[in-house]
Every structure is written in structure tokens, then in C-alpha cells.
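Colleague: Generate coordinates for the entire structure from the input sequences, incorporating the hints supplied.
Each protein sequence line maps, in turn, to chains D and S.
Numbered according to my numbering, the first sequence terminates at residue 301, and the numbering increases by one at each position without gaps.
Numbered according to my numbering, the second sequence terminates at residue 552, and the numbering increases by one at each position without gaps.
Just so you know, these hints were derived from the structure itself, not from any lab.
Here the structure is a predicted model, which is why all the values come from computation and not from measurement.
Each hint can be trusted.
Here chain D is said to cover these stretches of chain S; the calculated rule only asks that three of the stretch's residues, wherever they fall, bring their Cβ under 8 Å from a Cβ of chain D: (1) 322-333; (2) 348-362.
Partial chain S-side listing against chain D, Cβ under 8 Å, derived: (3) 342; (4) 387; (5) 390; (6) 393; (7) 394.
All residues carry an ideal CB built from backbone N, CA and C; glycine is no exception.
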Amino acid sequence: MSTWVTTIWTTNIKMTNNTPPAEPVGIGLRHPYYKDVLETDLDLGWLEVHPENYFGGGINRHFLSLAAEKYPISMHGIGLSLGSDQPVSKDHLGNLKELVDLYNPFQISDHASWSASGNAHLNDLLPLPYTKETLARLSDNVARTQNFLGRKILVENPSTYVGFNNDEMSEFEFLNTLAEKTGCCLLLDINNIFVQSFNHGLDAVEYIDGINPAFVGEMHLAGHSEHQAGEHTILIDTHNNFVRADVWKLYEHAVKRFGVIPTLIEWDQNFPTLDILVSEADKARAILQKIHGKEASYAAG
Amino acid sequence: MQLDKFQNDFKDLVLDNPEALKRIPKDLKDILRQDDIPLSERLKVYRNNIIGGISDMMIATFPIIKDLVGEKFLAGMARSFIMKHPPGQGCLNTYGAGFAEFLEDFGPTVTLPYLPDVARLEIACNEAYYARDDHPIAPEDIASTPLKLRSSATLLRSDYPLLAIHDFCLNGHEENETLNLGTGGEMLMIYRPALEVQFVKLDAEEFKILSMIQNGKALTEAIEKFPDFDFQSFLARHIRLETFAPLRTNK
Numbered sequence: 001m002s003t004w005v006t007t008i009w010t011t012n013i014k015m016t017n018n019t020p021p022a023e024p025v026g027i028g029l030r031h032p033y034y035k036d037v038l039e040t041d042l043d044l045g046w047l048e049v050h051p052e053n054y055f056g057g058g059i060n061r062h063f064l065s066l067a068a069e070k071y072p073i074s075m076h077g078i079g080l081s082l083g084s085d086q087p088v089s090k091d092h093l094g095n096l097k098e099l100v101d102l103y104n105p106f107q108i109s110d111h112a113s114w115s116a117s118g119n120a121h122l123n124d125l126l127p128l129p130y131t132k133e134t135l136a137r138l139s140d141n142v143a144r145t146q147n148f149l150g151r152k153i154l155v156e157n158p159s160t161y162v163g164f165n166n167d168e169m170s171e172f173e174f175l176n177t178l179a180e181k182t183g184c185c186l187l188l189d190i191n192n193i194f195v196q197s198f199n200h201g202l203d204a205v206e207y208i209d210g211i212n213p214a215f216v217g218e219m220h221l222a223g224h225s226e227h228q229a230g231e232h233t234i235l236i237d238t239h240n241n242f243v244r245a246d247v248w249k250l251y252e253h254a255v256k257r258f259g260v261i262p263t264l265i266e267w268d269q270n271f272p273t274l275d276i277l278v279s280e281a282d283k284a285r286a287i288l289q290k291i292h293g294k295e296a297s298y299a300a301g
Numbered sequence: 302m303q304l305d306k307f308q309n310d311f312k313d314l315v316l317d318n319p320e321a322l323k324r325i326p327k328d329l330k331d332i333l334r335q336d337d338i339p340l341s342e343r344l345k346v347y348r349n350n351i352i353g354g355i356s357d358m359m360i361a362t363f364p365i366i367k368d369l370v371g372e373k374f375l376a377g378m379a380r381s382f383i384m385k386h387p388p389g390q391g392c393l394n395t396y397g398a399g400f401a402e403f404l405e406d407f408g409p410t411v412t413l414p415y416l417p418d419v420a421r422l423e424i425a426c427n428e429a430y431y432a433r434d435d436h437p438i439a440p441e442d443i444a445s446t447p448l449k450l451r452s453s454a455t456l457l458r459s460d461y462p463l464l465a466i467h468d469f470c471l472n473g474h475e476e477n478e479t480l481n482l483g484t485g486g487e488m489l490m491i492y493r494p495a496l497e498v499q500f501v502k503l504d505a506e507e508f509k510i511l512s513m514i515q516n517g518k519a520l521t522e523a524i525e526k527f528p529d530f531d532f533q534s535f536l537a538r539h540i541r542l543e544t545f546a547p548l549r550t551n552k
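Modeller: Next up, the structure:
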């Protein structure tokens with residue numbers, strides 16, 4: 001069925017990920033939290049960073065080095081542009097690998113989206129048509145990245161605000177196939193699934209039930225916003241607020257299906273105080289424990 | 302429609318003027334799903350995310366210009382800049398390096414001729430913040446080892462009192478308070494010896510000598526060119542400031 005796939009993917013590279021942290025819930029380490037995260041003992045399993053913020057060098061790295069002494073680090077990229085119809089940038093990969101070698105993150109991830117076209121990098125997670133052509137391009141870039149890093153990566157489902165007439169498969173089929181072909185894992189952003197379902201009239205539960213649990217290696221939770229387009233509403237993945245009640249409900253469903261999976265609370269604009277962010281993480285942990293018991297531990301694999 | 306064509310058309314549309322959303326190219330219209338929500342509204346979300354997101358980053362990089370012209374005006378200038386010079390890579394830490402040159406030709410601010418140099422100062426600060434860490438040369442090696450300036454260093458000469466403008470704008474001022482720009486220009490080194498970006502005021506010959514070293518000239522050449530200059534004090538001062546790094550490192 002996959003004769004259209006032209007690339008020979010990963011051959012002899014050891015594609016194991018590092019052991020996940022004992023405590024499954026983490027938060028994003030952002031500039032306003034550097035000091036508090038370093039000075040406070042928090043009930044958190046790990047910290048997530050955007051590697052691009054640490055490319056090349058700079059004062060930021062000083063804080064990351066100190067934070068990495070206290071917590072396991074996950075590197076969640078926003079700039080690989082895996083879905084572009086051009087190879088991932090060698091410079092970008094080189095910068096990422098330098099950080100991976102320095103900080104040894106337990107996970108490395110980016111998105112099923114594109115940002116770069118020609119020489120322009122649009123700094124957003126842009127939508128892809130779910131076609132065999134896209135799957136081939138995206139798979140090539142995921143494989144290039146994994147080969148370059150010598151590590152398995154996770155690829156995240158996007159929030160999108162346009163749909164395509166030429167889709168040849170559903171988003172969850174697209175993601176399952178990507179993972180099957182490349183050996184990558186999936187990072188399921190539960191808020192994105194909610195946003196996607198609202199914006200494109202999908203069934204969020206059916207989406208989650210369509211994802212092969214064997215591929216899921218991380219989950220994300222974040223707040224979104226409503227954008228009024230005339231009398232209609234478009235949900236936008238803004239990471240600027242509390243996780244919505246409907247998204248928590250969906251997370252509970254996902255936890256039942258996927259087990260205890262490292263879960264991240266993302267908050268990237270209108271930053272709250274650190275204790276508010278940590279209390280969101282507490283809510284995620286409470287759901288994991290409600291479903292899988294106090295001693296919630298990772299499922300095999 | 303092929304993926305590359307879609308991505309190219311989409312890029313051209315979001316980097317165009319907002320009015321372009323009223324004339325979405327036919328190929329894009331054909332590939333994108335139409336429903337009750339006008340396509341222009343959907344694409345506007347992306348345009349706002351992209352241009353607005355990069356513009357917010359520039360506002361954070363240029364706090365002095367923000368104080369001088371106001372956030373709204375800076376956002377407008379940033380949008381024009383982004384459409385003309387979109388980012389070329391996925392790391393935007395030092396994006397905006399061409400903003401000073403852009404401002405030199407930007408009609409609406411020709412009455413503020415100091416603005417490009419203020420931009421240069423802020424670009425130098427930002428680049429020093431994100432520069433790769435390096436180590437100063439050991440004082441005992443300074444005579445025997447080829448030198449360069451620290452990787453974070455920018456040398457900047459302006460006809461305007463940049464440090465006074467910096468302090469005036471960032472340390473707070475009354476709404477109607479004014480600053481005298483007639484106090485003369487200055488020569489500066491902006492660099493990051495450790496974890497903080499620093500400014501050093503330079504005199505004319507010191508500036509020239511540091512510029513020579515930054516342009517790859519050896520210290521001995523500078524000594525020949527400025528026979529009357531007090532190099533002993535110069536070196537003592539710049540050892541203390543940790544201005545220099547070895548030209549070649551073993552790494």
C-alpha cells in the first residue's frame with residue numbers, strides 16, 4: 001500500500017528515547033518563570049522549552065543549565081517546519097543537535113505543520129492538506145531529523161483555521177500513518193483536538209479513539225480563545241488562558257485510552273504567576289491519579 | 302495543486318497588504334474549503350498570528366523606540382519591515398538586524414533622524430544578549446596571542462547621545478519631560494562580558510583601535526599606526542573590562 005513512499009527510512013539508527021521522568025506532569029519554562037522555578041521546589045516532573053530560544057548561545061542558556069539540574073527537560077520545537085515542501089534546514093538541525101547533546105532532553109518534538117517557504121520563515125504552525133504528497137514530504141523531513149539527531153522525535157497535531165478540499169484522509173489517519181512510516185511518536189495536543197473539532201466540525205472523541213495508542217508519547221493541554229468572524233466563531237490556539245472545562249473532559253477520555261503519558265501545561269502569553277500555572281499541572285495529575293490510581297505509572301512501552 | 306505551490310501562494314498572501322485578503326488567488330480558493338465563514342476571515346487569523354507575532358517580538362527588542370514613538374506606531378513600522386524582510390530562519394532571537402537601515406529610508410520618521418542609531422543600539426544589546434558565551438583572554442597572554450573582541454561586542458559611533466536617550470526612555474520620565482539631543486554624539490562598545498549586557502564609552506582613538514582589532518588587524522599594527530597613543534593604559538583598561546578574547550580557541 002505504500003509504493004508511493006520513495007524514501008528508505010531509518011535503517012540502523014538506535015531510536016530509543018530517554019526514560020520519561022518519574023512524575024508525569026510538566027510545565028513550559030518561559031522567561032518570566034526563570035527565577036521562581038530556580039528558587040522554588042515545585043511538585044513537577046519536568047520542564048519543557050522551545051529549543052529555538054536557546055540557539056547559538058546567550059543569557060537564556062545560563063538559566064536553562066540551572067533548570068536542567070533540577071528537572072528533566074523536554075525540547076519542543078516550533079521552527080523545524082517539518083511539513084514544508086523543502087528539506088528541514090541543516091543549520092536548524094545543527095543548532096538543535098548542539099542543545100540535545102548539551103541537555104540530553106528526554107523528549108524531542110515539533111509539529112505536523114509548515115512555516116518555511118522559499119527563504120521566508122513565517123513563524124507560525126501553518127496548515128497542511130492531508131494528502132499522500134504531504135505525507136511523503138513530512139515523512140522525509142521527520143526521517144531526516146531523526147537520522148540527524150539519532151533520536152526518535154514526537155510530532156504534534158496542529159490547530160488549524162482553514163480546511164482543504166483535497167484532503168485524502170482524516171487527520172488521525174494521517175498522523176497514524178506518519179508514525180507507522182517513520183517510527184516517530186505522536187504528541188497529542190488535546191486542546192488542539194478540541195479546537196480542530198470545533199473549527200472543522202469533527203467529533204473530538206472519535207478523533208482520539210482513532211489514534212493508535214501505541215504511538216502516543218506525550219500530551220499537551222492549553223487555553224484557547226474565541227475569535228468572532230461576523231456571526232461565526234473560530235477557536236484559536238492562543239495558550240493565553242486556563243485549560244477549558246471541555247478540554248479537561250476530553251483529556252480524561254484520552255487518559256483512559258492512552259494511560260499515564262507525560263503531560264504538559266502550555267501557557268505562552270498573558271503569563272499567570274507560577275503558582276497558578278503549577279495548579280493547572282496539579283489538575284492534570286489529579287485526573288491521571290483518578291483514572292490510574294495514586295501510584296500512576298507509565299504503561300509498558 | 303502541489304504542496305510547494307500552495308505554500309508559496311499562502312506565503313505571498315500573508316506577507317502582502319491586508320487588502321490582498323479581498324483578492325485571494327484562484328488556486329488558493331480552489332484548494333481551501335469554503336463554508337459559512339468567509340475564507341478571508343479564516344486567512345486573516347493566520348495573517349494576524351504571523352505578522353502580529355513577529356511584530357510583538359520586535360516591540361520587545363526595541364523598547365527605546367517603543368518609548369520614543371509609542372507602541373502602536375512601532376507596531377506599524379514593524380509590520381512594514383516584516384512584509385519587506387520576513388524572517389529567514391526558525392530562530393528569531395536576533396531577527397530585526399536590518400531595522401536600522403530600514404528606518405533610514407522610512408518616510409514617516411525622517412523628522413526623527415536619531416531613530417536608526419537608537420535601533421542600532423538596541424540591535425547591539427539584543428545580539429549581545431544572545432551571543433555565544435566566550436571567555437576573556439588571560440592577561441598574561443595578551444601580548445603574545447592574536448586578539449579579537451568578545452563575540453558579543455558591537456562598536457557603535459553616533460552623532461546623538463545614545464546613552465542619554467537610553468536612560469531617558471528606560472529609566473522612566475514625565476510625560477512632557479524633554480531631553481536635550483544637542484549634547485553631542487558618542488562612541489560606544491556594547492558587549493556582554495558575563496551575564497549582563499554592558500555599555501562602555503570610548504574616546505576617538507580607542508574606538509579606532511578597537512575597530513582595527515575587530516576588523517582582523519593585529520595589535521602591533523595599531524601600535525604602529527598610533528605611535529603617540531598610551532597603549533599601556535588602553536590595555537590595562539581593556540584587561541579590566543575583559544574586552545578581548547583569543548583570536549583562535551582550541552575548541
